[in-house]
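4 protein chains.
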Amino acid sequence: MTDSATLLISCSDRTGLVASITDFIFKNDGNILHLDQHVDVESNIFFMRVEWDLSTFKIWRKDIETAFTPLAKSFNMTWQLHFNDNKLRMAILVSKQSHCLYDILSRWQSGEFNVEIPVVISNHPDLEPIAKKFDIPYHMIKVTKDTKVAQENLQMALLADYQIDFVVLARYMQILSEDFVTQFPSKIINIHHSFLPAFIGAKPYHQAYERGVKIIGATSHYVTPNLDAGPIIEQDVARVTHKDSVQDMIRKGKDLEKSVLSRAIWYHLQNRILAYNNKTVVFN
Amino acid sequence: MTDSATLLISCSDRTGLVASITDFIFKNDGNILHLDQHVDVESNIFFMRVEWDLSTFKIWRKDIETAFTPLAKSFNMTWQLHFNDNKLRMAILVSKQSHCLYDILSRWQSGEFNVEIPVVISNHPDLEPIAKKFDIPYHMIKVTKDTKVAQENLQMALLADYQIDFVVLARYMQILSEDFVTQFPSKIINIHHSFLPAFIGAKPYHQAYERGVKIIGATSHYVTPNLDAGPIIEQDVARVTHKDSVQDMIRKGKDLEKSVLSRAIWYHLQNRILAYNNKTVVFN
Amino acid sequence: MTDSATLLISCSDRTGLVASITDFIFKNDGNILHLDQHVDVESNIFFMRVEWDLSTFKIWRKDIETAFTPLAKSFNMTWQLHFNDNKLRMAILVSKQSHCLYDILSRWQSGEFNVEIPVVISNHPDLEPIAKKFDIPYHMIKVTKDTKVAQENLQMALLADYQIDFVVLARYMQILSEDFVTQFPSKIINIHHSFLPAFIGAKPYHQAYERGVKIIGATSHYVTPNLDAGPIIEQDVARVTHKDSVQDMIRKGKDLEKSVLSRAIWYHLQNRILAYNNKTVVFN
Amino acid sequence: MTDSATLLISCSDRTGLVASITDFIFKNDGNILHLDQHVDVESNIFFMRVEWDLSTFKIWRKDIETAFTPLAKSFNMTWQLHFNDNKLRMAILVSKQSHCLYDILSRWQSGEFNVEIPVVISNHPDLEPIAKKFDIPYHMIKVTKDTKVAQENLQMALLADYQIDFVVLARYMQILSEDFVTQFPSKIINIHHSFLPAFIGAKPYHQAYERGVKIIGATSHYVTPNLDAGPIIEQDVARVTHKDSVQDMIRKGKDLEKSVLSRAIWYHLQNRILAYNNKTVVFN
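Protein chains in written order, with my numbering: chain A, 1418 to 1701; chain B, 1418 to 1701; chain C, 1418 to 1701; chain D, 1418 to 1701.
By construction, these hints were calculated from the structure, which means they are not laboratory data.
Be a bit skeptical, because a hint or two may be false.
Note that the list lumps identical chains together, so a pair holds whenever it fits in one copy or between two copies.
[Claimed, not checked] Heads up, simulated DSBU-like pairs for lysine-lysine below, C-alpha to C-alpha not over 35 Å straight-line: (1) Lys1444 <-> Lys1660; (2) Lys1475 <-> Lys1490; (3) Lys1669 <-> Lys1550; (4) Lys1479 <-> Lys1504; (5) Lys1444 <-> Lys1490; (6) Lys1550 <-> Lys1504; (7) Lys1669 <-> Lys1562; (8) Lys1513 <-> Lys1549; (9) Lys1513 <-> Lys1669; (10) Lys1620 <-> Lys1550; (11) Lys1504 <-> Lys1604; (12) Lys1504 <-> Lys1669; (13) Lys1504 <-> Lys1444; (14) Lys1559 <-> Lys1513; (15) Lys1444 <-> Lys1475; (16) Lys1604 <-> Lys1550; (17) Lys1604 <-> Lys1444; (18) Lys1660 <-> Lys1604; (19) Lys1565 <-> Lys1504; (20) Lys1490 <-> Lys1604; (21) Lys1504 <-> Lys1660; (22) Lys1562 <-> Lys1620; (23) Lys1620 <-> Lys1604; (24) Lys1479 <-> Lys1490; (25) Lys1549 <-> Lys1669; (26) Lys1549 <-> Lys1559; (27) Lys1660 <-> Lys1479.
Let the sequences and hints guide you as you build the complete structure.
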């Protein structure tokens, strides 16, 4: 796993794409470990994720980008190159609820998530003891309507200081400004506590109870300036019945939120997600 | 199963309800086969379904209603009495797609559905051969914007002629008028091909594809004058990925539609559904 | 919720059971909050769970048992009376894996589990730091083939010292002796990492991988002297494909284990489980 | 869809496989529509499914096999070439239960299954009327212990006469002899009414009821000489509770059987399944 690289590619579909890319790896003595490709026929967009062993690869890590660039240009590719032993740096934003935070931190501590977590940021003091349990710095930045701009600037400064690669909103109950969001394209993962696009906005379990649905859900997505409308990464559902009160739905929903958010983080860490046209390709 | 009765009851919650109702059955030598109750604490409404053996019951079938009325009045109950060997008469309305119709007819023929199906009505001729395979009269009543009122009157006359108890819209692609709908309260079951309240209206799979959801669904509900907004009886979901085209979603969705509609019919036939406040209690 | 009581009852089915029990509550001015009953028709066994409000109940808590005894005797009931503000005391046994322990402790800390957790016991030192994070005493009792009897005696002494009501095996990788198990009938909850009865015993994910199943599962059950054969409380499943290695199955399985074990604990805490004939009735 | 070909390939994993295969298609002006590959790392086996557009392909259909052979030999591939407008010929074997038969025939008639169904064979007369409804010849071949060899010979003669490509056991309740089975490797699809490997053999729902499971399942698999032990193609599950009798499990299970069998047929028809080591790779 450690001495391998991943290419994530998208471009207009043309014949010869797979042949050319795999030939590049093969000719340089790379062994393909995983290859996934997809063509969105309607949009005529080609997507590919290929992971290969670097131990026998003839090109040095530092030279791969240069070596691949001519091929990438000839197909007009959008592409990312990742080395799989590189640990990303993830910030977690929370409010008062602890279930997602505990779930993420315990996965991180057990080694399931290969990630650095340099900071937890919150608009409330409540979860500081949890961050402390895991020896992670906790910054309380209270956000109100009047202070939002200033406080978001503080948050962004913190993210820069901690050299954060991507941000997880683990039931962070504030809406980020467009300014904030556009600085992290496909780099802010949110968990929404409903089966989107049903029940956008506040109190989705109350909305679900009111509507009398028989199934509730949770949705993880990349954050875009439109509320709860970004590209969906993962969803899951649970059955409810007439016996379930709003409180029961909230309790059952927490389990969905935990697992749906953690799966999205796992896909992101594995460089398995390509966002386009407000959707995602998730190679899993 | 055959020599038994079911009471479906709802009323304001008060102490003594279960005791009084079960005592009524017990004192008359009935043996309770199934009992379910539920209290909607927010609305303070009590719901109950009780099924008991009539073979030892001291009151004749024809006299049960009279015997129960005083108790029902004292608690101001809304109630229904059903004899479980009574076969309901169900009309099926279809358009062009056959999957739900086949599914219903094969369940009926194998004895899974204890129901009479005296008629299939459609606005298209396409499915007549299927009705014929099962020796069921098929009436083609073409509906256009201009002829809607007249044609619905024809439909309602047919339903009356065939002494229909309840109607199933098995992918019937027309919107019934308020006039029609209000004549069959909690007696028209529709299948909507989305996970309501997401994707109300036309072409829900296209909407789901566009939104990039990772799970699709189907919803059966009682029809009310508000489009796709009636009390939900049953829902189910299936996973989709970026690989699934709209056509794949339609194919996977058909399986959901079949099973979700058939489960709703089954609950209805078993007198397990109580609709209230635009929701349902489903005792299953 | 706090000032209420729950009766869990089982006995041979006879007419008049529900009427008599609900009449007992009604006559003493209790208001029924929840009532569930079930008859196992094959075995002719009646089961009931009834929860009622004590705030208006005419009988003092300490006298309810005496007051109910004559009725219980007349139907030859097996029964339990629980007061819902009583906090049970739960011991957790673990080995080296942390995911279930973290999940349980975070639910407990957030108030989702209304329980005391006075002690964590393990045959390994690995998880002591986690217990410490939550200020729970951790006892390391190493078990080997030779020391098993003596060490189990130590464990049982600890459970007695801590006045433990029930035990949770949160991926505790030792098989408890018959002697131990029979002291806690329906009071030891285990999580087995397969969809029982498939893949009993060691390394179930390896077995599942070898067999090429498309779905894996997890099962929580009460422990009986027969390995992995006790009454099943809850199960859940997750899809796998040919792409999933044993390690992937283990990772996906951990999420199942967490949620399936926690649901079993939740049902147990709510007095919703009746075990009989090596099965369970779970009123949920 | 029609003017396309699919290659299904397996061989020992080596570098250059994907590059060589895709280069073969690219150099001959084929446009890849779908490509899936998988490496079983433990067994070091490479699997690939590639589907490409023939409309621009420079090699005539009849010459593709010859053209591809050198490459196939150099990697020692096991491979199949399919033209996607070729309709396979499928025989259905049934006993007395109709649900799977109806489900298959209605999918076939609506065009969902691109297949010929020249014959239905049964050991009972019961389902002849259904085959007749769809104008499919029905052969009743009664099988008893004494006549099994002779009757299986009759069945095999029929399959040969009708030029059958593969066989579907749609709840056919007889065990096929090793002789029969070995003539159709990976060409007989069975539906077993349990979540294999749990509840092998007769009356799985009764076994499931007895064991008190909370989830039941169904499994489609290729038939091998070992009963219910062939490579699993697809599985699915449904929740049950203590309220579900064996009859309820059978009813719920029928829905699983229908959909799980039909999904297996669909994968088979799309040439998406590769069986090896008593497992399957299903490219879906």
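Comparing the hints with the structure gives:
no.: 1; hint: Lys1444 <-> Lys1660; verdict: between (63 Å within a copy, 26 Å between copies)
no.: 2; hint: Lys1475 <-> Lys1490; verdict: both (21 Å within a copy, 27 Å between copies)
no.: 3; hint: Lys1669 <-> Lys1550; verdict: both (26 Å within a copy, 26 Å between copies)
no.: 4; hint: Lys1479 <-> Lys1504; verdict: within (17 Å within a copy, 52 Å between copies)
no.: 5; hint: Lys1444 <-> Lys1490; verdict: both (19 Å within a copy, 21 Å between copies)
no.: 6; hint: Lys1550 <-> Lys1504; verdict: both (22 Å within a copy, 26 Å between copies)
no.: 7; hint: Lys1669 <-> Lys1562; verdict: within (31 Å within a copy, 41 Å between copies)
no.: 8; hint: Lys1513 <-> Lys1549; verdict: both (15 Å within a copy, 23 Å between copies)
no.: 9; hint: Lys1513 <-> Lys1669; verdict: both (18 Å within a copy, 28 Å between copies)
no.: 10; hint: Lys1620 <-> Lys1550; verdict: both (30 Å within a copy, 32 Å between copies)
no.: 11; hint: Lys1504 <-> Lys1604; verdict: within (15 Å within a copy, 44 Å between copies)
no.: 12; hint: Lys1504 <-> Lys1669; verdict: both (33 Å within a copy, 22 Å between copies)
no.: 13; hint: Lys1504 <-> Lys1444; verdict: within (28 Å within a copy, 40 Å between copies)
no.: 14; hint: Lys1559 <-> Lys1513; verdict: within (12 Å within a copy, 39 Å between copies)
no.: 15; hint: Lys1444 <-> Lys1475; verdict: both (9 Å within a copy, 26 Å between copies)
no.: 16; hint: Lys1604 <-> Lys1550; verdict: both (26 Å within a copy, 31 Å between copies)
no.: 17; hint: Lys1604 <-> Lys1444; verdict: within (34 Å within a copy, 39 Å between copies)
no.: 18; hint: Lys1660 <-> Lys1604; verdict: between (39 Å within a copy, 23 Å between copies)
no.: 19; hint: Lys1565 <-> Lys1504; verdict: within (31 Å within a copy, 43 Å between copies)
no.: 20; hint: Lys1490 <-> Lys1604; verdict: within (25 Å within a copy, 46 Å between copies)
no.: 21; hint: Lys1504 <-> Lys1660; verdict: between (45 Å within a copy, 24 Å between copies)
no.: 22; hint: Lys1562 <-> Lys1620; verdict: within (19 Å within a copy, 40 Å between copies)
no.: 23; hint: Lys1620 <-> Lys1604; verdict: both (25 Å within a copy, 32 Å between copies)
no.: 24; hint: Lys1479 <-> Lys1490; verdict: within (19 Å within a copy, 37 Å between copies)
no.: 25; hint: Lys1549 <-> Lys1669; verdict: both (27 Å within a copy, 28 Å between copies)
no.: 26; hint: Lys1549 <-> Lys1559; verdict: both (19 Å within a copy, 30 Å between copies)
no.: 27; hint: Lys1660 <-> Lys1479; verdict: between (60 Å within a copy, 31 Å between copies)
In summary, this structure violates none of the numbered hints.
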